[in-house]
Amino acid sequence: MKFKDYYETLGIERGASEEEIKKAYRRLARQYHPDISKEAGAEERFKQISEAYQTLFDPEKRQAYDELGRHDPGEDFQPPPDWDTRFWQGQAHQEVDLSELFEQMGFRASQQRRQARGMDFPIRGQDVEAVARLTLEEVSRGTQVTLERPGGSVRIRVPMGVTDGERLRIPGRGGPGSGGGPDGDVYVQIQVLPHKLFRPVGHDLYLELPVTPWEAALGAQIELPSLDGRVRVTVKPGAQAGQKLRLAGKGLPKRGEGAGDLYGVLQIVMPTEISEREQELYRELAKASSFQPRPQYTGESTDG
Amino acid sequence: MADDLLIPVDSDSLVESAELLAASGLAHDELVELVEFGLFEIRETATGWCFQSRAVHQARRMVKLRDSFGLNPPGMALALTYLEKIEALEHRLRELECLLPR
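Chains as they are written, first to last, in the numbering used here: chain A, 277 to 580; chain B, 40 to 141.
The hints are simulated quantities; they were obtained by calculation from the structure and are not laboratory data. Bear in mind the structure is a predicted one, so any value in this text is a computation, not a measurement. It is possible that part of the hints are untrue.
Stated by the list, open to error - 20 Å max Cα-Cα, derived EDC-like pairs, lysine to aspartate or glutamate:
1. A/K530 / B/E134
2. A/K314 / B/E123
3. A/K472 / B/E123
4. A/K314 / B/E126
5. A/K299 / B/D106
6. A/K472 / A/E414
7. A/K337 / A/E289
8. B/K103 / A/E442
9. B/K103 / B/E134
10. A/K472 / A/E499
11. A/K299 / A/E343
12. A/K298 / A/E379
13. B/K124 / A/D440
14. A/K337 / A/E379
15. B/K103 / A/E405
16. B/K103 / B/E123
17. A/K314 / B/E129
18. B/K103 / A/E319
19. A/K298 / B/D106
20. A/K323 / A/D334
21. A/K323 / A/D281
22. B/K124 / A/E442
23. B/K103 / A/E379
24. B/K103 / A/E320
25. A/K337 / B/D106
26. A/K337 / A/E376
27. A/K520 / B/E136
28. A/K278 / A/E343
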């Protein structure tokens, strides 16, 4: 078994009081709770913190943990000879993760107490939670994902129309219940991977649409990529930077019917190198044009 | 079974109180208090309250916050309201970022 130092995880001394354990846990949970921290690795850290807390906050589990002695984190170790019979009725010395061991310990102990009192209490099975990272194309067509769970892998249908961050629920397909209790549920959170062209916002897609100054001035017909092939849009003469061209129904499909929109966001781009001839034409344009782009600056003093 | 395809529940489907409580770990009294806060939209049926299926995810989220921080129902309701508000703002921010060149 690999050792984990739960006290170190919570940043407390071995002799810490229940109150100190609780305080340390709350402080760290506030920092790493997945709903609060978007930091990379926060979720993993939160799991470790929760695991440490759940073991140390339960007096029975804490005693059992303390009797495992002190080891370096990650060190392979064996529990003391009589430890199994006193705390754990499972398979002795099997390769098992410390967290599973303590999780089942509480579960088994309470079950045994219940059984000793002649009650076979129904206990609901554990929920299984997973994250599915999908491409925009997979999300738009709908797909299937494989979920590894204790007892084998299962395939889950991801229906067309899910959006980033959405959670799917499959009732009754998680861990098995006991004592006549129902099985747990399966939860899958959808994460949409970044796409090189499209940026999804809900069911809408955004696409940068760079145009030359003369396309913006004179108008143009431009071909754009969309999720289902190329589409043509018309840029009207006098187009402005930041203007959104909306292609209705060309976004991500919605569940049921309909789809979001595709927006091409106009960007007027200048070449970095301007040739002699181009410069000449611009100078001519500057002479011919009476356009004043900064009318709001005129007639105001700046030293007021 | 590898060829058994699991199908998620439809997001339009409704969930009864008993299922919501079992799936989330909320206590009945907490649910009543949260409904009184107006946190969940409910539909009254012959068998009791019905909730939109997203209520399960909201309730689970609140239970995790309750267990981590020792929150009572007003605290749970407040935390969820703020989190959803932040998410709505993040959504709006993403929308606005899409209007800027990358």
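Checklist entry - Would the pair B/K124 and A/D440 pass a check requiring their Cα atoms to be no farther apart than 20 Å? => result holds, 17 Å
Checklist entry - Within 20 Å, alpha carbon to alpha carbon, are A/K472 and B/E123? => result Outside the cut-off at roughly 28 Å; violated.
Item to check | Restraint check for B/K103 with B/E123, where alpha carbons must lie at most 20 Å apart | outcome: holds, 15 Å
Next on the checklist: Tell me if the straight-line CA distance from A/K337 to A/E379 falls inside 20 Å.
Outcome noted: holds, 9 Å
Checklist entry - Taken at face value, is the distance from the CA of A/E376 to the CA of A/K337 at most 20 Å? => result holds, 12 Å
Item to check | Satisfaction of hint between A/E414 and A/K472, Cα-Cα up to 20 Å | outcome: holds, 15 Å
Next on the checklist: Hinted pair, alpha-carbon criterion (20 Å max): A/K314, B/E129. Please report holds or violated.
Outcome noted: holds, 12 Å
Checklist entry - Does the structure keep A/K299 and B/D106 at a Cα separation of 20 Å or less? => result Given that 20 Å is the threshold and the Cα spacing comes to 13 Å, the pair holds.
Next on the checklist: Check whether the Cα positions of A/K530 and B/E134 lie no farther apart than 20 Å.
Outcome noted: holds, 18 Å
Next on the checklist: A/K314 and B/E126 were given as a pair; does the straight-line alpha-carbon distance stay at or below 20 Å?
Outcome noted: Cα-Cα ~12 Å, so holds.
Checklist entry - Are B/K103 and B/E134 close enough, with their CA atoms no more than 20 Å apart? => result Between B/K103 and B/E134 the Cα gap is close to 29 Å, so the pair fails against 20 Å, i.e. violated.
Next on the checklist: With the threshold set at 20 Å, check whether the alpha-carbon distance from A/K337 to A/E289 stays at or below it.
Outcome noted: Holds, at roughly 17 Å.
Checked against the numbered hints above, the structure breaks hints 3, 9 and 11 and satisfies the rest.
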